[in-house]
Amino acid sequence: MKKDRVLTKEEYNKRIKRCERLGAKQFAKIVKKVERLKFKVMKKVFPNYTKRVNKLFDRREEKLLKRCKTEEERKKIKEEIALQKMLNKREDNYEMNRNYHVFRHRFSELLNYLNYNKAVHLRGMIIDTVALPILTTLSFTNPIFIPLVALDLVSLAVNFECVNLQNYHIYRFEKNKDIIERKEQRAIKRTQENYTEGVKVINKVIELDDKTISDTERLQRIETNKEELIKLKELILKEKERRTSTRKAIAEASRTKKIGGVS
Amino acid sequence: MALEGSLTLCTQLLGVTATVGLPTTISVHDKQGEIYISKTGAFTTLTATTTSLTINPLAASAEENPDYASAQEVNKAELYLESLSDDELASLCETADILIEGKDNNEVKVIKKG
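These protein sequence lines are chains A and B, in that order.
Once you know that position 141 of the first sequence is 141 in this note's numbering, the rest is easy, because the numbers rise by one and skip nothing.
Once you know that position 62 of the second sequence is 62 in this note's numbering, the rest is easy, because the numbers rise by one and skip nothing.
It is possible that part of the hints are untrue.
[What the hints assert, rightly or not] Subject to a maximum C-alpha distance of 16 Å in a straight line, what follows is the list of computed EDC-like cross-link-like pairs (lysine to aspartate or glutamate):
no. : chain 1 : residue 1 : chain 2 : residue 2
1   : A       : Lys51     : B       : Glu88
2   : B       : Lys76     : A       : Glu10
3   : A       : Lys238    : B       : Glu88
4   : A       : Lys177    : A       : Glu61
Rather than coming from a laboratory, the hints here were simulated on the basis of the structure.
Kindly produce the complete structure, drawing on both the sequences and the hints.
Written out as structure tokens, the structure reads:
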């Protein structure tokens, strides 16, 4: 019953402050640094990471499709796998984890990830808490277990901070839910009004069920008119602009930090 | 949907009038799913109450303009573009350019033939 109760803004503020006191802001900085490092390492050590992941997705799709009985199930699985592939590729392009960044005002998408992440780390916390007394008892019998106790403590602290960070973001989102949702709807509506022809072309390209051909070939195969193509081009240019501005912002942020660090 | 929307609107408006308790003129315009509310009378409380007059603008726009892409389609298309690498995006743009050029040439041919 308590969970269903809508909290007031003051109650949200209190909770947000509590999260801040528990180190959410500081931990967020660490998360960002780890994220940057993750993408740097991945691109250097595993340059074909996305391709390999896509292959894994294909294999998974094949397995799941074998189990399907109806055409609807097959369609759903194909859509789901295509979505996962796109999300994965987007992370690689923007060098941003989907769990911590809002893409084009899609706040509700982020909220789902935050809740999912929170559940994962809560599970981790429970496992660590259960393992801690067991490992401590074992360390009395054999010193080999002492490093494991230390590792478990670190893992527990990380999981705790992760849950705290997710809570911090969730409370901040829920506090301004109405405004955020309206903003999200407005952004979608703007695209609907201005680029609906372009959107339809892209959806035709996505729906073309042939993995052997490239995206450009897909575009050549579908039926389009001049108006649709112009809108599609506008959408592509808009995406290019967004990408460059995001990269600029990231580069500037890291540069100012570096300068700050030197002085 | 439209009936449901107008019924909600009517009850909301009745509620507003009852809350204010004074003669107030409210005119509502629905243009492409957006609801504009103009009011006469200096009741600041009314502004706060009218914020509750929310009819999903997406549903309204889709209903009025069946040619509109759905919100899900928009999200999917945007995600698709975000997922393309820089090279893929550039080549898609190039292909679109070529196809536009092709359409232009066809139009010119048709005009010449005509």
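Outcome of the hint check:
With a C-alpha separation of about 14 Å, the suggested pairing of Lys51(A) with Glu88(B) holds against the 16 Å cut-off. Restraint check for Lys76(B) and Glu10(A): not satisfied, since their Cα atoms lie roughly 36 Å apart, outside the 16 Å limit. For the given pair, Lys238(A) sits about 15 Å from Glu88(B) by alpha-carbon distance, which is consistent with the 16 Å threshold. For the proposed pair Lys177(A) and Glu61(A), the alpha carbon gap of about 36 Å is over 16 Å, so the pair is violated.
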